[in-house]
Amino acid sequence: DAGVTQSPTHLIKTRGQQVTLRCSPKSGHDTVSWYQQALGQGPQFIFQYYEEEERQRGNFPDRFSGHQFPNYSSELNVNALLLGDSALYLCASRLLQGLKNTEAFFGQGTRLTVV
Amino acid sequence: GESVGLHLPTLSVQEGDNSIINCAYSNSASDYFIWYKQESGKGPQFIIDIRSNMDKRQGQRVTVLLNKTVKHLSLQIAATQPGDSAVYFCAENMGQAGTALIFGKGTTLSVSS
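Chains as they are written, first to last, in our numbering: chain A, 1 to 115; chain B, 1001 to 1113.
Rather than coming from a laboratory, the hints here were simulated on the basis of the structure.
Mixed in with the good hints there might be a few duds.
To be verified - Counterexamples of contact, computed for chain B against chain A with all Cβ distances above 10 angstroms:
#1 I1034
#2 V1070
#3 T1099
Unchecked claim - Label-pair ranges, simulated between beta-carbon atoms:
#4 D1017/B - E53/A: 45 to 51 angstroms
#5 K13/A - D1055/B: 45 to 51 angstroms
#6 N1053/B - G58/A: 22 to 28 angstroms
#7 V1070/B - F69/A: 40 to 46 angstroms
#8 N79/A - G1083/B: 37 to 43 angstroms
Computed from a predicted model, the values in this text were never measured in an experiment.
From the three backbone atoms N, C-alpha and C, an ideal C-beta is built for every residue, glycine too.
Sequences are here, hints too, so could you generate the full structure?
Dropping the structure here:
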């Protein structure tokens, strides 16, 4: 049973460019969340997708957008990249079973470096 | 500010000792908590969770304790091994199904043999 998979694992982009990160949730999971983790910090919530809609959003600008597909996989898009966007981007999936919180499992992350 | 924090940024123990990692949370509406282990260059790994209607839950070599009165969470690791060396985060869910996890800064556990 594959866990949460993310691609690519590493990425280098130039300021002002756009980037798309991808996530496939754990088998059987229907909810995907994205987190940004700066070096030495805990993950910070970006947004969450359920039933192909953004359900909750953290304190991130509109440059950060996402999408969830019918197969539950998800993309994170970041436009007009800034140096401060350099971080580890994590995807987490869970199953909203009966609308009760269940374990959230994380992928290995995508290390984004903006130069 | 953060609603979840850890008391100590680092903890050093000897192999075989028991480790206790602490976490304080500030949101009384939180009803679900998870402990994660994160090794260098990897994503957070689920260790154990607990709901607010419980005060203790045990896993393999790990125990999580929840004290809602003082909004305190702890992770106990029995017979700590070098492979337990990592950063440990507690995370909370704020009272509504599917809501975001709020993480603290983490505690770095170093185990020497």
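Results for each hint:
{"no.": "1", "hint": "I1034", "in the structure": "violated, 7 angstroms"}
{"no.": "2", "hint": "V1070", "in the structure": "holds, 21 angstroms"}
{"no.": "3", "hint": "T1099", "in the structure": "violated, 6 angstroms"}
{"no.": "4", "hint": "D1017/B - E53/A: 45 to 51 angstroms", "in the structure": "holds, 48 angstroms"}
{"no.": "5", "hint": "K13/A - D1055/B: 45 to 51 angstroms", "in the structure": "holds, 47 angstroms"}
{"no.": "6", "hint": "N1053/B - G58/A: 22 to 28 angstroms", "in the structure": "holds, 27 angstroms"}
{"no.": "7", "hint": "V1070/B - F69/A: 40 to 46 angstroms", "in the structure": "holds, 44 angstroms"}
{"no.": "8", "hint": "N79/A - G1083/B: 37 to 43 angstroms", "in the structure": "holds, 41 angstroms"}
Checked against the numbered hints given earlier, the structure breaks hints 1, 3 and satisfies all the rest.
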